[in-house]
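Student: One letter stands for each residue in the lines below.
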Amino acid sequence: MKLTEVIKKNREVIVIVLILLVLILVRSTGKNHFKNDAEKWAQSSINKSDIIISEKLGLPDGKNLLINLDKDKFIKNNSDLLNISSDSVFSKKYFNAIMKHDGPVLLFSSNSGVSARVWMLLSQMGKKKLYILSDKTDNEVLKYKFKPDGLSTENTE
Amino acid sequence: MNTRQKFSAGLLIIGFILALLPLSGSRSFTVRPQKLLGEVLDSSTWVTVDQVARFIVTEDSSVQVIDLRTPEEFKTVNIPGSINLPYNNFFDVDPARLLNNGKARNIFYSNGDFDSNFALAIARGLNLKNTFVMKGGLNEWFNTVMNSTFTGDKISPRENALFETRTRAKKLFSEMNSMPDSLKLKFIQSTHLAAKKLDGGCE
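For the record, the sequence lines run as chains D and C.
Using our numbering, you'd call the opening residue of the first sequence number 109 and step up by one each time.
Using our numbering, you'd call the opening residue of the second sequence number 28 and step up by one each time.
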């Protein structure tokens, strides 16, 4: 049987398969969608390998790209640093700059909660080598000790 | 098209549809990125320790406070009425099942600002809009509520109300966390009973 005959005979099947194939390609290569399996992309936030202390800056391999997420604290742009207001992270220009950067991308903000939220979103978009730059090693350590007398607390810092 | 071809086509279609579906509907972000970014950066997603103190003191039943720390940390000290959902195990239980609890607000807290905000971004990505974060975490709770003192000569009615709420929250927190674990649950029940009696209600 010739190829053209096979195609002609199965054209409905081939059309359906092609449509689905296109849909799969769009979904898997689309840059505007989150990846499947949120747990996988959140994993480094669970084991805390996504947080880098500013003192140890330079540890990740490759050239760092620092992203200042603060709107009102502009730092002079250079090849290693971009001022991207947190609400503009997904604008095409900045998003491409982040996603296409080969080396480590380090997010920082005066509000560490903002860095954490933006980190999670970018990570779920499939960005690897993404870190949060923090000035503290112990953000998630309780700095106070509760005294059972119920009347006072002790700062352990 | 003969039966064999129809069957093959059917199998192919099912296979491709399955390939298109996310691995787990509840574990992939479903909100569009730009919309989600706007949502997670909205200032209303943060609540202050004073707001949480008020919810605790008034026993606001529309609020569920969720402690994301480890079970050991939770056992040592926790905000009265909170439940423990360690961030390390956030995906072990289906977050959607836990957070679709009919509460208007689920407020996350950890010791600092990272885990609670990671959890918020995940929850909002899963389209769980009733999630919020207590800004500053338990460290801020200790700093603001537990170490609350009044110094000065005059106090405005607003400051007085705030100070009173903090004092009541501090008392509740202290009483609760000074107790052995076995008594903590009974304590919560007894405070409900005391409130009913004060209101003139009956058991």
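Worth double-checking, as some hints may not be accurate.
Below 20 Å or equal to it, Euclidean Cα-Cα: the simulated PhoX-like pairs (lysine-lysine) are [claimed, not checked]:
id, chain 1, residue 1, chain 2, residue 2
1, C, Lys62, D, Lys143
2, D, Lys235, C, Lys33
3, D, Lys116, D, Lys171
4, D, Lys255, C, Lys62
5, D, Lys156, D, Lys255
6, C, Lys198, D, Lys116
7, D, Lys201, C, Lys62
8, C, Lys62, D, Lys179
9, D, Lys179, D, Lys156
Keep in mind that the hints were calculated from the coordinates and are not lab data.
Student: Would you mind marking each hint as holding or not holding in the structure?
Tutor: Each hint, compared with the structure:
{"no.": "1", "hint": "C:Lys62 <-> D:Lys143", "result": "16 Å, holds"}
{"no.": "2", "hint": "D:Lys235 <-> C:Lys33", "result": "41 Å, violated"}
{"no.": "3", "hint": "D:Lys116 <-> D:Lys171", "result": "54 Å, violated"}
{"no.": "4", "hint": "D:Lys255 <-> C:Lys62", "result": "44 Å, violated"}
{"no.": "5", "hint": "D:Lys156 <-> D:Lys255", "result": "29 Å, violated"}
{"no.": "6", "hint": "C:Lys198 <-> D:Lys116", "result": "81 Å, violated"}
{"no.": "7", "hint": "D:Lys201 <-> C:Lys62", "result": "18 Å, holds"}
{"no.": "8", "hint": "C:Lys62 <-> D:Lys179", "result": "19 Å, holds"}
{"no.": "9", "hint": "D:Lys179 <-> D:Lys156", "result": "26 Å, violated"}
When the structure is compared with the earlier hints, violations turn up for hints 2, 3, 4, 5, 6, 9 and for no others.
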